Amino acid sequence: EADIYQTPRYLVIGTGKKITLECSQTMGHDKMYWYQQDPGMELHLIHYSYGVNSTEKGDLSSESTVSRIRTEHFPLTLESARPSHTSQYLCASSEGGAKTQYFGPGTRLLVL
Amino acid sequence: AQSVAQPEDQVNVAEGNPLTVKCTYSVSGNPYLFWYVQYPNRGLQFLLKYITGDNLVKGSYGFEAEFNKSQTSFHLKKPSALVSDSALYFCAVSPPSGGYQKVTFGIGTKLQVIP
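Residue numbers (this note's numbering), protein chains in the order written: chain A, 4 to 115; chain B, 5 to 119.
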């Protein structure tokens, strides 16, 4: 079944640790996105990708980085986590033209 | 620059009553418009979209939305609310063309359906 997956769903980690949030989609979409969302609040685009080897920063400045080596995979990395990174991170994908974005279940991150 | 406004932080409606969640937008040209729903601790789920054609768009779970170009609105509606409709609803807009097909989301409206 075509879908978009995120792991882990929940992560509690100490300050200064390096973390990678995984996102994979089986829909064959070219475009992928990372959003940051505080609970019950608006979404902020932090990264997006048009395709393999294409990554761009979004509207909200973020200390995270992303990579797109394979079409289906779009991981997000924080080199040194801080409490200000505590949030929910949503991954999404879309196919060209249709623009409907399909979201993963999210990763809720807590940095102590 | 494009923008989306959801003027109500929260909408309360009794179960069985009709519901409306409001959205207005600003964008150059003819827009693509979307509604998404988010349940607690989940990602957003696509409900419906307007691209062109009939101004009344039908979507998932009995929801529909009416595109009004003169009022630049795209309100979400449902004839009879269910308790299970209680969630956070996001309106989104994008221009029909462009290199980066930027989608702008509203701040969300919390829908509370009261039994």
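Simulated from the structure, these hints should not be mistaken for lab results.
Keep in mind the model is a prediction, meaning the values are calculated, not measured.
Errors might be hidden in some of the hints.
[Stated by the list, open to error] Quick list of in silico lysine to aspartate or glutamate cross-link-like pairs, DMTMM-like style, CA-CA up to 25 Å: (1) Lys-106/B <-> Asp-6/A; (2) Lys-81/B <-> Glu-66/A; (3) Lys-102/A <-> Glu-19/B; (4) Lys-53/B <-> Glu-45/A; (5) Lys-26/B <-> Asp-41/A; (6) Lys-20/A <-> Glu-98/A.
Item to complete: Given the hint that Lys-106/B pairs with Asp-6/A, test it: the Cα-Cα distance must not exceed 25 Å.
Response: Within the cut-off at roughly 22 Å; holds.
Discussion item. Check whether the Cα positions of Lys-102/A and Glu-19/B lie no farther apart than 25 Å.
Written reply: violated, 33 Å
Discussion item. For a C-alpha distance cap of 25 Å, please report whether Lys-26/B and Asp-41/A respect it.
Written reply: holds, 22 Å
Worksheet entry | Given pair status - Glu-66/A, Lys-81/B, alpha carbons within 25 Å | With a Cα-Cα distance of about 39 Å, the restraint between Lys-81/B and Glu-66/A is violated, given a limit of 25 Å.
Worksheet entry | 25 Å limit on alpha-carbon distance, applied to hinted pair Lys-20/A and Glu-98/A | violated, 34 Å
Discussion item. Check whether the Cα positions of Lys-53/B and Glu-45/A lie no farther apart than 25 Å.
Written reply: holds, 19 Å
Against the hints set out earlier in the document, violations occur for numbers 2, 3 and 6.
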